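S.K.: Protein sequences appear in the order of chains L and S. So for the first sequence, this note's numbering puts the first residue at 27; every next one is plus one. So for the second sequence, this note's numbering puts the first residue at 4; every next one is plus one.
None of these hints come from the bench; they were simulated from the model. Quick caveat: nothing in here was measured; it's all calculated off a predicted structure. Beta carbons are placed, not taken as given, at the ideal position from N, Cα and C, and that holds for glycine. Treat the hints with caution; some may be incorrect.
[Unchecked claim] Estimated spans, in silico, between C-beta atoms of each pair:
(1) S/Ile-59 / L/Phe-541: 39 to 49 Å
(2) L/Tyr-480 / S/Val-185: 52 to 62 Å
(3) L/Thr-549 / S/Ser-232: 21 to 31 Å
(4) S/Ile-59 / L/Ile-168: 22 to 32 Å
(5) S/Gly-214 / L/Ala-172: 37 to 47 Å
(6) L/Lys-501 / S/Met-161: 50 to 60 Å
(7) S/Ser-245 / L/Phe-347: 25 to 35 Å
(8) L/Tyr-477 / S/Trp-175: 21 to 31 Å
[Said to hold, decoys possible] Some chain L residues close to chain S (C-beta under 7 Å, calculated; not the full set):
(9) Pro-258
(10) Asp-291
(11) Ala-306
(12) Gly-321
(13) Ser-401
(14) Gly-441
(15) Lys-444
(16) Gln-485
(17) Pro-498
(18) Pro-592
(19) Ser-645
(20) Gly-647
(21) Ser-648
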Amino acid sequence: MQVEKFYYDNKIVKAFGYATIVFGVVGMLVGLWVAIQIYYPAISLNWAPTTFGRLRPLHTNAIIFAFVGNASFAGIYYSLQRLCKTRMWSDRLSWVHFWGWQLIIVAAAITLPLGLSNGAEYAELIWPIDIAIALVWVIFGINMFATIIVRRERHLYVAIWFYIATWVTVALLHIVRSIELPYSATGSYSWFAGVQDALVQWWYGHNAVAFFLTTPVLGLMYYFLPKAANRPVYSYRLSIIHFWALIFIYIWAGPHHLLYTSLPDWAQSLGTVFSIMLIAPSWGGMLNGLFTLRGAWDKVREDPVLKFMVVAITCYGMSTFEGPLLSLKSINAISHFTDWTIGHVHIGGLGWNGFLAFAILYYMIPKMWGTNLYSKKMATNHFWLGTIGIILYAVPMYWAGFEQSLMWKAFTPEGQLKFQFLETVTNIKPFYILRSIGGALYLVGAFIMVYNLYKTIRQGKFISNEAAEAPPLVKETSPKKEYWHRILERKPVTMLVVSLVLVAIGGIIEIIPTFLVKSNVPTIASVKPYTPLELQGRDIYVREGCYTCHSQMVRPFRDEVARYAPNPGDGGYSKAGEFVYDHPFQWGSKRTGPDLAREGGRQTDKWHYMHMYDPRLVSPGSLMPRYIWLLDNKLDTSTTPAKIRAMRTLGVPYPSGYDKIANRDLMTQAQIIADNLKKEKIETAPNAEIVAVIAYLQRLGRDIKEEVKNQPITENK
Amino acid sequence: MLSLKHIKTKMKVLLLGGFLLLFFAQPVWAAGPPAESPFNNPLAVVLVILMALLLIIIGILANILVGAADIKLKKKKNKTVVQVTMLIFLLLISGSPLFAQDTGNNGNSAAKTIGGMQSSTFYIMATVIFLELLVIIGLLLNIRVLLKQEKEKLSPEMVEEIKIAKSSRLTWWDKFNKLRPVTQESELDLGHDYDGIRELNNRLPPWWLYGFYFTILFAAVYLWRYHVSHTAPLSGEEYTRSVESAQLKVQEYLKKKGENINENTVVLLTDKADLDAGKELFTNGACAGCHGKDGSGMVMGQPGVGPNLTDDYWINGGSIKSVFTTIKYGGRPNKGMQAWENTYSAKQIAQLASYVKSLIGTNPAVHKTADGELYKEETTVKPVADSAKSKTDSIKTKTDKQP
Numbered sequence: 027m028q029v030e031k032f033y034y035d036n037k038i039v040k041a042f043g044y045a046t047i048v049f050g051v052v053g054m055l056v057g058l059w060v061a062i063q064i065y066y067p068a069i070s071l072n073w074a075p076t077t078f079g080r081l082r083p084l085h086t087n088a089i090i091f092a093f094v095g096n097a098s099f100a101g102i103y104y105s106l107q108r109l110c111k112t113r114m115w116s117d118r119l120s121w122v123h124f125w126g127w128q129l130i131i132v133a134a135a136i137t138l139p140l141g142l143s144n145g146a147e148y149a150e151l152i153w154p155i156d157i158a159i160a161l162v163w164v165i166f167g168i169n170m171f172a173t174i175i176v177r178r179e180r181h182l183y184v185a186i187w188f189y190i191a192t193w194v195t196v197a198l199l200h201i202v203r204s205i206e207l208p209y210s211a212t213g214s215y216s217w218f219a220g221v222q223d224a225l226v227q228w229w230y231g232h233n234a235v236a237f238f239l240t241t242p243v244l245g246l247m248y249y250f251l252p253k254a255a256n257r258p259v260y261s262y263r264l265s266i267i268h269f270w271a272l273i274f275i276y277i278w279a280g281p282h283h284l285l286y287t288s289l290p291d292w293a294q295s296l297g298t299v300f301s302i303m304l305i306a307p308s309w310g311g312m313l314n315g316l317f318t319l320r321g322a323w324d325k326v327r328e329d330p331v332l333k334f335m336v337v338a339i340t341c342y343g344m345s346t347f348e349g350p351l352l353s354l355k356s357i358n359a360i361s362h363f364t365d366w367t368i369g370h371v372h373i374g375g376l377g378w379n380g381f382l383a384f385a386i387l388y389y390m391i392p393k394m395w396g397t398n399l400y401s402k403k404m405a406t407n408h409f410w411l412g413t414i415g416i417i418l419y420a421v422p423m424y425w426a427g428f429e430q431s432l433m434w435k436a437f438t439p440e441g442q443l444k445f446q447f448l449e450t451v452t453n454i455k456p457f458y459i460l461r462s463i464g465g466a467l468y469l470v471g472a473f474i475m476v477y478n479l480y481k482t483i484r485q486g487k488f489i490s491n492e493a494a495e496a497p498p499l500v501k502e503t504s505p506k507k508e509y510w511h512r513i514l515e516r517k518p519v520t521m522l523v524v525s526l527v528l529v530a531i532g533g534i535i536e537i538i539p540t541f542l543v544k545s546n547v548p549t550i551a552s553v554k555p556y557t558p559l560e561l562q563g564r565d566i567y568v569r570e571g572c573y574t575c576h577s578q579m580v581r582p583f584r585d586e587v588a589r590y591a592p593n594p595g596d597g598g599y600s601k602a603g604e605f606v607y608d609h610p611f612q613w614g615s616k617r618t619g620p621d622l623a624r625e626g627g628r629q630t631d632k633w634h635y636m637h638m639y640d641p642r643l644v645s646p647g648s649l650m651p652r653y654i655w656l657l658d659n660k661l662d663t664s665t666t667p668a669k670i671r672a673m674r675t676l677g678v679p680y681p682s683g684y685d686k687i688a689n690r691d692l693m694t695q696a697q698i699i700a701d702n703l704k705k706e707k708i709e710t711a712p713n714a715e716i717v718a719v720i721a722y723l724q725r726l727g728r729d730i731k732e733e734v735k736n737q738p739i740t741e742n743k
Numbered sequence: 004m005l006s007l008k009h010i011k012t013k014m015k016v017l018l019l020g021g022f023l024l025l026f027f028a029q030p031v032w033a034a035g036p037p038a039e040s041p042f043n044n045p046l047a048v049v050l051v052i053l054m055a056l057l058l059i060i061i062g063i064l065a066n067i068l069v070g071a072a073d074i075k076l077k078k079k080k081n082k083t084v085v086q087v088t089m090l091i092f093l094l095l096i097s098g099s100p101l102f103a104q105d106t107g108n109n110g111n112s113a114a115k116t117i118g119g120m121q122s123s124t125f126y127i128m129a130t131v132i133f134l135e136l137l138v139i140i141g142l143l144l145n146i147r148v149l150l151k152q153e154k155e156k157l158s159p160e161m162v163e164e165i166k167i168a169k170s171s172r173l174t175w176w177d178k179f180n181k182l183r184p185v186t187q188e189s190e191l192d193l194g195h196d197y198d199g200i201r202e203l204n205n206r207l208p209p210w211w212l213y214g215f216y217f218t219i220l221f222a223a224v225y226l227w228r229y230h231v232s233h234t235a236p237l238s239g240e241e242y243t244r245s246v247e248s249a250q251l252k253v254q255e256y257l258k259k260k261g262e263n264i265n266e267n268t269v270v271l272l273t274d275k276a277d278l279d280a281g282k283e284l285f286t287n288g289a290c291a292g293c294h295g296k297d298g299s300g301m302v303m304g305q306p307g308v309g310p311n312l313t314d315d316y317w318i319n320g321g322s323i324k325s326v327f328t329t330i331k332y333g334g335r336p337n338k339g340m341q342a343w344e345n346t347y348s349a350k351q352i353a354q355l356a357s358y359v360k361s362l363i364g365t366n367p368a369v370h371k372t373a374d375g376e377l378y379k380e381e382t383t384v385k386p387v388a389d390s391a392k393s394k395t396d397s398i399k400t401k402t403d404k405q406p
């Protein structure tokens, strides 16, 4: 048969590889910065764009979408061509994908510090960027599928199965999470509210981990590990079972982020059991990776690429075992809202994603420059620094989380809470300091890598088009009988459809009933829409990223009710019906500061004013940054009518035509608050942003308190 | 000579024994009224885990024994062992909700507990563990005997062969994972070639596969318990229970300690120790944030949120009882002074109130202007406000009302 000659496109891989390095370092730097802010708030520079609430989304988005995203694309473009024995279908689409993606990242790096945010974790980017992401993702998909279609290899290798599942699921997740109603060029409200928004959010958020940080990276592992170790993949059978089980089960596990919240119990239980069932499929990937190294462990001792991979895969195994454990209610009751979760995700992020990205960079770059790695010793040092960094990061976080949770839950024998919230925070400050040292070590390791790779590139010569040859695929006249899965591996489109159906099942079964079954979100009569001023204040709350440190969810625990809703009239723990007008929901996932679900009426307007000016004035030792600009910024009331109209469209029952008079109500309420402050000798303009924020904070939990007042208290069943 | 058949029967009997024990034990546990989840008792949890672990070991040993014994028997036998093991797992799990339940209704059962468990339950679980240990010893003995026999049967040539084979010998780890020696790899090669990557067709590690089945089983039992049989509490119920049991504990403690200060019984404390404790709480606790460290109402040179406490003017009354009430339940609604009864004990609130009273007349140089009504100790004590009175019966009333 005639052998065809063709060239692999290394240039696009190089571009994505460089982007990985640049954004990786930037993302980690921002991470280190916010880690220091937590114990040293002054380093926020008292400047809005660099406060924790705005930089934390920048850190997460940079690491997920810029660092791991670019690393995945680099690895996919490298491996896909070689596994399909063809060049990428269209160089032009490759470059549109590359530049489109980098522009999105730059746009994110500008908008997030400006406070332009949707207020949903890992989906903070505003709607125009959401659209751009969808478009670029489709371009990537077209290019990938066309490449698969024109391949010279009859069967699809397991890495490509993972790439296909990644593409189709991320598309689905991104589109559903981004259903939002714009009210301006940069602002929008989530289509979903309260409990439903929470469910959609964590269905998305959890599966961003699954299908953006796990499946593509598993695909990379399946290509680069056997290549680097020069060993056959341990078990084809295991690949099949763990792949299909993984993508089917993963999608269900989202609600484990919402245990003990107002989410209906049945959905919480589904989240728990599917997380438990996920252990084996996840570990299938780990086993297939580690057992592939059988007979090559002597190489691991020498080769830094394999060293990184072994730790990466081990971290993958650890965090996919820990995750299901954290999904058990008894453990979640301790871990949730604490730094335990932060430690957990960083085992995955630093260990699995980071180390695997480093491994493939160390593998691909010498190959593409036709040389050897400049210094194996330096890479080994990077490996050890990184490993120690991970340990120094994770252990203090576990400890801090566990200790803080126990302090939250501690009561004196007389039945009083043993610790004030602030005490539980200042107590774990040493762990925060240790954590930032761990992170710094990891970052130093990354810098060593940058130098090492730079030297490697300098000593080699880049092969932008790598020659290869393979016979073309010809239609078989009489296809031989094959194992059923082998037949599927010939059909990429069927594979795509089957993957889509499998991942759609879990989402549909969990999400649809919370919309259709009324009893899932029992209404509370006294819960009313926010006033225009409160709505504006809420949008500022979202803008400043308050949800990155404050929860709005009193869970049904004795300590939380005693701490956040202590009086009989406070309404007890949070109920689903309280959040029906919350577009988006703001339950949060971390309590670096106290819960705010019942904040309304707990403090005076003056207290809030002083607290925003300098938190340490009213609560000494507080770790919250100062929000001085809220005192000076003028509220932009021109957006009020559009916001009210958008809310009306989303089903919030403002009277028709209210958008026209909303600003009148807004000013009346603002004047009351300003007068109130004046009585306390604080002069403030009624149209200062702080007034709107105070209005919002004083509203939180008020409705449920009204409800308790209106109704005779009955025994809860 | 021990025949394979013999081992087989023996094992069956042992496993069956365990199975029967569980089967008959169940009705005993099931006899009592439903109680709260046994998973609240750490001892019970440890025992259950121990039982499960031992079962896993039994399963593995049985597998090894059978594997080592005869290849002919392997197919048939393997299945039986696995089935029996699985069955026991199943029973263990379905039985577990009942572990903590009452065995006898004879009234004095409360006395017969070991580590918070019903003594009978404890003994039954201990027996199961003991029997499991016996099974393990039996299995180990059998494996040893069997291996010895096999060795005796060997001819010198075979010994040589074994030596060669030793290079590709399987360790317990290999067996545990059903790994084939690397030297036999070519038999497993599927002939796939993707950019030089080959694929083997190794079997799934058994523990992985059965672990997967186990998690599926766990899922079914979990959903069943929470949503069908309702033997496990949903969040709301769990909350009610935890609050109730905590209340009982607090009441018991207070009764024992005899400390029952409330706004009707509180008196001004003049002891230096008490006042120092009050001062400590005031200056380093939350009070100073609003009232200033010296109680002047000035925080960092600015008028604070709270009023001056060093003058004779009081917003919520200046008697020791009024001050106690204000600290305990908070001041006027939405004016900043929150309720502190969940933060400080009654004793601490009394110390705080006494310390605050001791501040009167200290005349700090910089202070906030007076607020509230004039109150002098000589005048008759104002009655405590009605709203506060209704709250008097401290903890019990309060938590009862909580939804």
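S.K.: Each hint should be assessed against the structure and marked as holding or not.
M.R.: Against the structure, the hints:
{"no.": "1", "hint": "S/Ile-59 / L/Phe-541: 39 to 49 Å", "result": "43 Å, holds"}
{"no.": "2", "hint": "L/Tyr-480 / S/Val-185: 52 to 62 Å", "result": "39 Å, violated"}
{"no.": "3", "hint": "L/Thr-549 / S/Ser-232: 21 to 31 Å", "result": "30 Å, holds"}
{"no.": "4", "hint": "S/Ile-59 / L/Ile-168: 22 to 32 Å", "result": "49 Å, violated"}
{"no.": "5", "hint": "S/Gly-214 / L/Ala-172: 37 to 47 Å", "result": "40 Å, holds"}
{"no.": "6", "hint": "L/Lys-501 / S/Met-161: 50 to 60 Å", "result": "54 Å, holds"}
{"no.": "7", "hint": "S/Ser-245 / L/Phe-347: 25 to 35 Å", "result": "28 Å, holds"}
{"no.": "8", "hint": "L/Tyr-477 / S/Trp-175: 21 to 31 Å", "result": "45 Å, violated"}
{"no.": "9", "hint": "Pro-258", "result": "4 Å, holds"}
{"no.": "10", "hint": "Asp-291", "result": "5 Å, holds"}
{"no.": "11", "hint": "Ala-306", "result": "4 Å, holds"}
{"no.": "12", "hint": "Gly-321", "result": "4 Å, holds"}
{"no.": "13", "hint": "Ser-401", "result": "27 Å, violated"}
{"no.": "14", "hint": "Gly-441", "result": "4 Å, holds"}
{"no.": "15", "hint": "Lys-444", "result": "9 Å, violated"}
{"no.": "16", "hint": "Gln-485", "result": "25 Å, violated"}
{"no.": "17", "hint": "Pro-498", "result": "17 Å, violated"}
{"no.": "18", "hint": "Pro-592", "result": "5 Å, holds"}
{"no.": "19", "hint": "Ser-645", "result": "6 Å, holds"}
{"no.": "20", "hint": "Gly-647", "result": "10 Å, violated"}
{"no.": "21", "hint": "Ser-648", "result": "9 Å, violated"}
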